[in-house]
Amino acid sequence: DGGITQSPKYLFRKEGQNVTLSCEQNLNHDAMYWYRQDPGQGLRLIYYSQIVNDFQKGDIAEGYSVSREKKESFPLTVTSAQKNPTAFYLCASSFGTGRGNTEAFFGQGTRLTVV
Amino acid sequence: GQSLEQPSEVTAVEGAIVQINCTYQTSGFYGLSWYQQHDGGAPTFLSYNALDGLEETGRFSSFLSRSDSYGYLLLQELQMKDSASYFCAVLRDDKIIFGKGTRLHILP
Numbered sequence: 001d002g003g004i005t006q007s008p009k010y011l012f013r014k015e016g017q018n019v020t021l022s023c024e025q026n027l028n029h030d031a032m033y034w035y036r037q038d039p040g041q042g043l044r045l046i047y048y049s050q051i052v053n054d055f056q057k058g059d060i061a062e063g064y065s066v067s068r069e070k071k072e073s074f075p076l077t078v079t080s081a082q083k084n085p086t087a088f089y090l091c092a093s094s095f096g097t098g099r100g101n102t103e104a105f106f107g108q109g110t111r112l113t114v115v
Numbered sequence: 001g002q003s004l005e006q007p008s009e010v011t012a013v014e015g016a017i018v019q020i021n022c023t024y025q026t027s028g029f030y031g032l033s034w035y036q037q038h039d040g041g042a043p044t045f046l047s048y049n050a051l052d053g054l055e056e057t058g059r060f061s062s063f064l065s066r067s068d069s070y071g072y073l074l075l076q077e078l079q080m081k082d083s084a085s086y087f088c089a090v091l092r093d094d095k096i097i098f099g100k101g102t103r104l105h106i107l108p
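Protein sequences appear in the order of chains A and B.
Using this note's numbering, the first residue of the first sequence is number 1, and each one after it goes up by one.
Using this note's numbering, the first residue of the second sequence is number 1, and each one after it goes up by one.
Calculated directly from the structure, the hints in this document are not laboratory data.
Hints are not guaranteed to be accurate.
DSBU-like cross-link-like pairs, simulated, lysine-lysine; straight-line CA separation at most 30 Å [stated by the list, open to error]:
(1) K9/A to K71/A
(2) K14/A to K81/B
(3) K83/A to K57/A
(4) K81/B to K100/B
(5) K14/A to K57/A
(6) K9/A to K57/A
(7) K100/B to K83/A
(8) K81/B to K70/A
(9) K83/A to K9/A
(10) K57/A to K81/B
(11) K14/A to K83/A
(12) K95/B to K9/A
(13) K70/A to K9/A
(14) K70/A to K95/B
(15) K70/A to K57/A
(16) K95/B to K57/A
(17) K71/A to K57/A
(18) K81/B to K83/A
(19) K95/B to K71/A
Okay, the calculated bits of chain B under chain A, using three or more residues with CB under 8 Å as the criterion [unchecked claim]:
(20) 38–48
(21) 58–68
(22) 78–84
Note that the Cβ used here is the ideal one computed from N, Cα and C, for glycine as well.
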């Protein structure tokens with residue numbers, strides 16, 4: 001079955017450590033996105049990529065990094081520079097904004113907690 | 001700044017109809033989408049309006065007026081399982097931007 005998979009579902013990190021969140025899709029989508037969601041809040045865009053080997057900063061990119069070496073994969077690294085990393089992280093993919101349609105498919109999310 | 005505005009909370013009674021509004025300010029507008037998110041879950045796509053008018057999908061309908069930069073999601077015959085957050089979203093500069101979401105509370 002086609003879909004988008006995030007792992008792990010829960011992640012605990014010590015202060016000062018970098019952690020990488022995985023996101024893989026087999027939907028043949030060109031575009032991929034990372035969002036952060038805090039309790040009771042909306043989705044804020046961290047990074048996005050419209051094509052392999054290219055990505056752009058979203059609204060809250062500071063303290064995060066990404067790579068897009070393969071079409072299927074868009075991992076997110078939360079670095080020690082991120083001051084408040086505890087949040088719910090959502091990865092999404094779509095056919096690409098060139099078609100105008102914003103139908104995005106989301107992974108089940110990774111809940112990151114700094115301990 | 002925030003380019004999508006929607007109410008933070010709406011309360012309705014089971015079996016009734018509820019409308020969730022969304023106003024937007026964005027250039028290069030293509031269309032308006034709606035997503036549903038249950039607590040602890042991932043958002044799921046509900047609808048997309050590229051043209052003015054009403055799109056109906058079962059109990060859910062979505063409306064768009066591009067001249068008014070306004071749209072709404074209409075939920076009919078409300079069920080308890082419809083208790084969730086609902087987000088409108090637009091495309092802006094190759095990014096999918098979401099509103100802050102409307103929490104729908106349904107009373108029995």
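Cross-check of the supplied hints:
1. K9/A to K71/A: Roughly 22 Å separates the two Cα atoms, so the pair holds.
2. K14/A to K81/B: With a Cα-Cα distance of about 37 Å, the restraint between K14/A and K81/B is violated, given a limit of 30 Å.
3. K83/A to K57/A: holds, 17 Å
4. K81/B to K100/B: holds, 21 Å
5. K14/A to K57/A: holds, 25 Å
6. K9/A to K57/A: Roughly 24 Å separates the two Cα atoms, so the pair holds.
7. K100/B to K83/A: Holds, at roughly 22 Å.
8. K81/B to K70/A: Not OK: K81/B and K70/A at ~38 Å, beyond 30 Å, violated.
9. K83/A to K9/A: Distance of about 21 Å is within 30 Å: holds.
10. K57/A to K81/B: Roughly 36 Å separates the two Cα atoms, so the pair is violated.
11. K14/A to K83/A: holds, 12 Å
12. K95/B to K9/A: Given that 30 Å is the threshold and the Cα spacing comes to 25 Å, the pair holds.
13. K70/A to K9/A: Holds: K70/A and K9/A sit about 22 Å apart, inside 30 Å.
14. K70/A to K95/B: Holds, because 20 Å separates the two Cα atoms, which is no more than 30 Å.
15. K70/A to K57/A: Given that 30 Å is the threshold and the Cα spacing comes to 18 Å, the pair holds.
16. K95/B to K57/A: Judged against 30 Å, a Cα distance of about 10 Å means the pair holds.
17. K71/A to K57/A: Distance ~18 Å between K71/A and K57/A Cα, so the pair holds.
18. K81/B to K83/A: violated, 36 Å
19. K95/B to K71/A: Within the cut-off at roughly 18 Å; holds.
20. 38–48: Per the Cβ count (6), the hint holds.
21. 58–68: Result for this restraint: violated, n = 0.
22. 78–84: Check failed, 0 qualifying residues.
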